[in-house]
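Based on the sequences and whatever the hints tell you, model everything.
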Amino acid sequence: HKNLLILEILILVSIGFITNQEYDLVINSVLSFITSFQLNLFRKYGSLAHNTTISTGNLRQVGELIGNFILSKKKSERILSMKYASLVFMFVVGAAMSVFLTAIFSEKSIWFCGVILIILIMMGTYVDYKQDDKEYSIQV
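Read in this note's numbering, the sequence shown has 5 at position 5, and its numbers run on one by one without any break.
Misleading hints may appear alongside valid ones.
With a Cα cut of at most 27 Å, we get these calculated BS3-like pairs of lysine-lysine [to be verified]:
no., residue 1, residue 2
1, 108, 2
2, 2, 44
3, 44, 73
4, 83, 73
5, 44, 83
6, 75, 108
7, 44, 75
8, 74, 2
For the record, the hints were derived by calculation from the structure and aren't laboratory data.
Here's what the structure looks like:
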């Protein structure tokens, strides 16, 4: 996963340097390719499947989970529905941030996606380290 994330970061950073609108078709094609990375790398949130690029199925899943909680009144169902709802909410936050960043930084705003992916790599490295060696942990 980390190698694909690194490749994705390199592609996103490279796109930020392209300012000529003649290459918009190429950029859209490359971003579609990146979307396939996203679909493959981030398929699950805990035990739940989700889609990182299209929110319609995620909204349906939130509704189903909330319905399950209402019918069962189980704490585990409430926690699960809240976790998934937070995932959908973060999708909205990311979309709003992209509008704001694009207004300020134009095509360079794509670099912020790279920053987020670097943070994910760092978080994944921390989690892998903790799982590999239970005796030692990184203090933040």
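Violated hints - listed by number, lowest first: Hints 6, 8 not satisfied by this model.
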